[in-house]
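Trainee: Sequence:
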Amino acid sequence: MKILQLSVLLGCLVFPYCATAQEWRSECVGYYQLQLPDNLEVALLPVDLIINPRKNPAWTKNEFVRRYLFPKISFGNNRYQDNNDRTQAQFSGFYYSDYEIGVSSDSKSEINLGNYKNKFEERANDHIQDYWDERNYELSLKLPVLSKEIAEQSLMYSIDNYTDAFSSADSGGYSLFINKNRRLYIFNKTSEAQSLAEQLKISKPEVLSLLNRFRPRKLYEVPAEQGFCMPYGFVARDSGQEPRNMGVTYRLKDHPDVTIFFQDLGMEPNAGKESELNDKDYVTWLWNWQYQWSAVSKELIRPKWRSIKMGGKEGLGTFAKSVFKNGRTDYGYVAYVRGNHKARNLEPDLLFYVMQDSRQAKNQPPMDKDELKKMAEHIISSVKRR
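Residue numbers are given in my numbering: position 226 of the sequence shown equals residue 340, and the series is strictly consecutive.
It should be emphasised that the hints constitute simulated quantities derived from the structure, not laboratory data. Think of the CB as a built atom: it goes at the ideal place given N, C-alpha and C, for glycine as much as any other residue. A hint or two may mislead.
What the hints assert, rightly or not - The calculated SDA-like cross-link candidates involving lysine to any residue, where the alpha carbons are at most 25 angstroms apart (straight line), are:
(1) K367 x L183
(2) K487 x V156
(3) K315 x E235
(4) K222 x N198
Claimed, not checked - Simulated DEER-style distance windows between Cβ atoms:
(5) D152 x N198: 21 to 27 angstroms
(6) D393 x F184: 33 to 39 angstroms
(7) K332 x S223: 16 to 22 angstroms
Whenever a hint applies, use it, and build me the whole structure from the sequences.
Mentor: Next comes the structure, spelled out in structure tokens:
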């Protein structure tokens, strides 16, 4: 019989959730730190679909829609992104300061940034050609269009090279592409300028600053210095109060039916009036319209409203049972701390869940509901501001 080490036995007495096959490790999201189980995977952008985005099947020369489709955050590499891997990651989103951030999956081999840049430029030129085709078509219908001079000015772009990175800018904004540790990190910023020259005057110092402060990091590597955490990346020496919406989804490798989501929401969300609901009404809205929404019945397990503390703030927790049309039963735990909606960057909303989708159990029993609840409670109690 295998004998457990004393440290493992003592750990099971101290912590509310203990699994001998897993260890607890520290990870960071946004400006927060939390303990997560070992052996996780992170929902990210499939790297192959960034390097070689698929063409939009709806595109033809006479159908003026976007020619290429950019991938969505997923646990898988399905080219169509229409599967459970994508569904499990549907609430992930990486926003920091004025940037929308993309982080790729591991490419398994070194990325040839030069080749990627060339393909990116080809697609940019395709976009320009599509614009002129559409303009000519509108002219043939005697529709109003931009003058040729203004159109040419708006379509001008510039690509600048850096060590392990390049940037692309036009009058509407800029993007920075960083190649580190077999991943691509993409920072997109929309910033209207009068011209490309004016944009470059603004963007170049920002790009250099970001390159100087960004560095890759490993999963479970929590930097000691002030800065902002994103999956596999870190921006050092910032204000510590940047507007952000960093929502990251993790999945247990040994229990793919279980996902863990944590969100540091320090900016106005792209949502309607539900974001201004009180705590109970907001969590009720989440269960009714967002989480396990296709269930035919849901039940909040007593106590229906649980007092929790997350990130040093009091909040609400709910543990729910969902039953689906085919008879399957899944469980989920949601915790929510409402921030200061007049100063979100200082006191953000914190949202956390452990959610089950037993369709992903992969020929093994789904996680036991008590184990799931204890795991959620331990993670909630571990959350703290960095």
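Trainee: Starting from K222, check that the Cα of N198 is at most 25 angstroms away, please.
Mentor: holds, 23 angstroms
Trainee: Next pair to validate is K315 with E235; report whether the Cα-Cα distance is within 25 angstroms.
Mentor: Between K315 and E235 the Cα gap is close to 21 angstroms, so the pair holds against 25 angstroms.
Trainee: Given a hint of 33 to 39 angstroms, does the C-beta separation of D393 and F184 actually sit inside it?
Mentor: holds, 35 angstroms
Trainee: Is K367 within 25 angstroms of L183, Cα to Cα?
Mentor: Given that 25 angstroms is the threshold and the Cα spacing comes to 29 angstroms, the pair is violated.
Trainee: Do the Cβ positions of D152 and N198 conform to the proposed distance bound of 21 to 27 angstroms?
Mentor: Check passed, 23 angstroms falls within 21 to 27 angstroms.
Trainee: Using the beta carbons of K332 and S223, state whether their distance is inside 16 to 22 angstroms or not.
Mentor: holds, 18 angstroms
Trainee: Within 25 angstroms, alpha carbon to alpha carbon, are K487 and V156?
Mentor: Measuring from Cα to Cα gives roughly 21 angstroms; hence the hint holds.
The structure fails hint 1 only (numbered hints given earlier).
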